[in-house]
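Chemist: Here the structure of chain G is known, so what remains is to put chain U in place on it, guided by the hints.
One letter stands for each residue in the lines below.
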Amino acid sequence: MAISIITGGFSVFLLCHFAGAVFEDQVGKFDWRQQYAGKVRFALFDMHVQSSKKVLMATEKNVFASVNTRTGDLAWRHVDSTGPEGNIDSLLLHGQDAVLVVGDGRLLRSWDINVGGLNWEMVLDTGSFQAASFVGHLDSVRYVAVLKKAAISLHYLSNGHQKWLENLPESDSVQYQAVYSEGDGEVYALGLVPNSHIYIVAFSVEDGEIIKQVTVEAPWLSDLGANCVVVGQGVLMCVDVATLSLYTLDLHLDSEMTQIPLQTLELEVSPGFQPVLTSTQPNAAQAPLSEFFLQLGPEHHLLLQLKDNKVVTLRDFQPSLLVSFATTGEKTVAAVMATKNTTACTIILYSADSGRRLLDTTLIFTMEPNGGKPERLYIQAFLKKDDSVGYRVMVQSEDHTLTFMQQPGRVMWTREEALSDVVTMEMVDLPLTGTQAELEGEFGKKADGLCSMVLKRLSSQLTLLQAWMGHLWKLFYDARKPRSQVKNDVTMETLSRDEFNLQKMMIMVTASGKLFGIDSKTGTIVWKHYLENVPANAAFKLMVQRTTAHFPHPPQCTLLIKDKDTGLGVLHVFNPIFGKKSHITPPSLPQPILQSLLLPIMDQDYAKVLLLIDDQYKVSAFPSTKNVLQQLQEMASSIFFYLADPSQGRLAGYRLLTDLSTELLWEVVLPVEVQKILFVKGKRGNEHVHSQGRVMGDRSVLYKYLNPNLLAVVTESTDPHPERSFVGILLIDGVTGRIIHNAVQRKARGPVHLVHSENWVVYKYWSSKSRRNEFSVLELYEGMELYNSTVFSSLDRPHVPQVLQQSYIFPTSISTLEATLTEKGITSRHLLVGLPSGAILSLPKMFLDPRRPEIVTEQSREENLIPYAPEMPIRSEWFINYNQTVARVRGIYTAPSGLESTCLVVAYGLDIYQTRVYPSKQFDVLKDDYDYMLISSVLFGLFFATMISKRLAEVKLLNRAWR
Amino acid sequence: MACSLPTIISTYCSVVLLLCTHLALCNNGRKVGDAVDTEFSGFSVPLEHSFEVDDVTTFRVRGALVLKPGRDPAVSLSQTQLSEEDRTKLKEVAAVDGLYRVRVPRVSLQADRMTERQAEGYLTAFVRACAMVESHLSDVITLTTDVSGYLIGVSIVTLPGACRGSEVEDEVDLEAFNTTLSVMAPGSAPGPETALFIERLNVEMEKKLKNPQEQKSFFAKYWMYIVPLVLFLMMSGAQDQSGGGASGGAGNGGLTASGCDIPLGHRRGKVTEASSLIFPFPDSSSSR
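Read top to bottom, the protein sequences are chains G and U. The first sequence begins at 3 in our numbering and counts up by one. The second sequence begins at 571 in our numbering and counts up by one.
Just so you know, not all the hints are guaranteed correct.
[Claimed, not checked] Take a look, some chain G residues computed to stay more than 10 Å from chain U by CB distance: (1) Gln28; (2) Gln37; (3) Thr73; (4) Asp174; (5) Gln265; (6) Asp310; (7) Val335; (8) Tyr608; (9) Gln618; (10) Phe728; (11) Arg740; (12) Asn744; (13) Val746; (14) Phe849; (15) Pro872; (16) Phe946.
[Unchecked claim] Think about it this way: if two alpha-carbon atoms lie no more than 25 Å apart in a straight line, the pair counts; the simulated DMTMM-like pairs of lysine to aspartate or glutamate are: (17) U:Lys638 / G:Glu669; (18) G:Lys620 / U:Asp624; (19) U:Lys659 / G:Glu665; (20) G:Lys749 / U:Glu763; (21) G:Lys312 / G:Asp252; (22) U:Lys778 / G:Glu873.
These are calculated hints, taken from the structure and not from any lab test. A quick note: this is a predicted structure, and the numbers were derived from the prediction, not measured. A virtual CB, placed ideally from N, CA and C, is assigned to each residue, including glycine.
Next comes chain G alone, as it looks inside the complex (with noise of 0.2 Å):
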């Protein structure tokens, strides 16, 4: 039992503690960083020098990225604002220049690719992007004409510059598709009616006048995007699967379109499959190439050439995954990739326009064992010294992994950009050594025998001995090696807890479906997990059943994966240390779930036992053996569970009968025309409080209010007239049903952003009357006297607590909110704030604390209350991540360490931030530049001289007798 000391009269000398920041030697120390850009959509190997090493990306999240292709870091990296006004639409490179359509045709900008500055920016005129190319003229890339939905533009390269607008004729029932262009004075828009005609409009490059309209008849043709390329000089080729034939248009000729069934060709597609067509046009500024691909069936594709007008085959490939062209110089290789076997694929690459097979061209693409299946080829050929062609690759597979490759097979590195959407994690301990975990056991197993139990002893400390002895060498033969040679690798066998618990697995779960297993120290990835099947709106919950403190069970993690539409939920479960899926067989679950509750029970096997209930509200349990099932009888009673329903504005309170079925037990509805709920959220589990009041000046008590079922029920008013609207708080024990505390914030709205723990809530809303962001923090307190001070009930709390609210400005608008938390929760508490800049910022509770007076007195002083300031301060060195940002910051986890001074803390948006906290410093970890040769040194003078004048001292006294 700790001595509580009481320290009073230096608030304000308290007040210049809080810094937090790091040292300039620290930096990268403690905390690493992980930047991704997000499943890529369009990426282009830089191709303008031979000896380049840069691939540009244009992702799904709005990113637009350079990444060096020898270490797969990124080189530079611009994030755009999410949603459809950062959407990236186009990516076409010329040299050195990348232009870029953003936003449904918003904005052209060019950007260059060695330094990623921006060249220029035009804001187009509004209207819905359809297409975008090169246009060249005389023999080189001029111009970039972008077609919207009523009009094509012409624009310089080099400046942007808008050269001529031309609305399209016939807009209102033309649907423009594609835009193309051969460098001979011409640019053709593409348009069709569907089923009808196709409409082919010219445009002189000059000055933008249309040299000829043409109509074709095509009744057959839904879509041109998606079914017709240009090929060999400006020939349309367009493919129907309905009559199973291709078509041809020559766009220079007034024509009609020659059919050209496939079966003359003696080719067949699969059935069911929509043919797909894939041309290849090298240089803006020249035809495109009059070989290009047929894909008939999901593993069989065609190299076809037209050659006057009529089509060739050139090769056959089957079986074939995936195709690609890629030129160098002035060749065109077409790559091809085939499965080989369940875990790997072959890539070879052809000559395109002879469809011979290049010699020494095949790499070897092993798949992962739990990954995706790859999904496009991105081929980087370069001319080696012999003029023969070599070739890099980047596959991406379904899981959004892109592996960069080089021949034979070498893997360069791997990206993981499903880790740019993180849902939810969880940090789980590391296990024990081996021989920790035998003397662990050693103890856990029951007594057999006395002799057997001493051989037992001796043998595991034998081996302990042994471990230390290697321990001890390990460190000597490091010590002797220069600290840049000494690798930290971490493999599975390396994983074991340190000493002060810092180091745990981070298992996060990303969008894709794909798990993932980090090392929290180092960042590296130590499993990968892929689920197939995941429904892309899918809500996922992560559960620790078993924890590694429990061998020789493994650990055991859970994941609920729910289809938000029919609510019908799959459980994965895995051991969270090394990622397998665990042999255990999950129930089925046939209804929808609507509540899933961990209980602090265990079954036999110490895995706590999974509540689900479904929409009967019936109640299944996981694991569901015999014991778990006859301790749920037991408990039944004092098992309650809430459920909240936002469509209908109802809570509802149930308890477990023993049956495993429900009854009602309490019922609050709030009116949905006039708010809406917006969360529900309780206290954390994990989570300990340890003094249960607070000293006041006059040395009495304050006791806290500790209801661990306390719900913070948050909602907003369905009026957005903001004199009208409100945010409202309710505060609502989870048992009873019982409202505790409700307010409404008048004049505000959301987005609400919320941290429920110990007795307070904090809770951050937009003012719209003082158009500011305000941070509020409620707190609950029994009083001077506790009302039953061994046990909370509550069944038995009949007392209403006090509570004390107070607001602030904060300068900035928030991202996320959280707490910290450690191990026994004596540190005092911090609130991490994901800013929308990156910072994280860790704002001291104690700035956020109802108490503090308006007005000075003694007492308040002596209590170490700052004095309110309705403005809440934000020092630069409160932010935990210098300079580390961490873009589009969605949320933070913190998890205790075994050091009661240390939380572990992890930001996750597109960038991964790991790093430690200490809200009260270090009080139990000695400094880094602690001087410990000094205080040995003095230890060991002073025994010394302690000896040598002992003896001496002898001396003396002897001689002294002689005298």
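Modeler: Chain U in isolation, oriented as in the chain G frame:
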């Protein structure tokens, strides 16, 4: 403890949250039905309760809530005493640790027309039947409304709230309800207190302006101490030049030593700040 809690809170805290609690009169009368809607121009809704040994809910009328709509909603309750049969049943339910439930229909205290007042469904709450018995039917019922006056929740607690298994004489103790009824309308959460803060700043500024003593510089205030000190130092320095230099060096050494001490002091300060409130706290064993 000299001060009572409310005084302390009002001293320390800017905002004491005021729940607009309207305590209402409770008619614990033995008769129901009369005097319901005559003096109030309100309307009445039934307050129903249910307590069954087999825990099948069958609600019966316990009393009538008389609601007086308007800007300042008032509520009163008139209820009968428990019948002999109900008393024994309640005791039986208490013996098997059953539940005593209450429910009220969803109504609005604000709407003008009768048709708009009532919505579908009920609001329910419960308390352990044994608590009801042992508190001798003294309960506190709170009706919670939202901003527009709709009832959103009802809660019932007994005073005292615990079940200790004490013996209860049903004739005397379980006859009449001793109910405290209140309506909780949402309070307004406070916004940032800028006006008061600015006022305080202004007062302080004025004080400074009024009191020119404060504005004097450090030297102007303490010249009478500094001048003799400087004189003394000069005198002593003139006497012994070399000795002064040596002592200055020693002084420097002393300073650096104390400078080393400061971080340690900081750390101590921090520990105390962290553990300034250390109390034994049992794991709050929840009833969940």
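Chemist: Could you check the structure against the hints above and give me the numbers of any it violates, in ascending order?
Modeler: As far as the earlier hints go, 10, 11, 12, 13 and 15 are violated by this structure, in ascending order.
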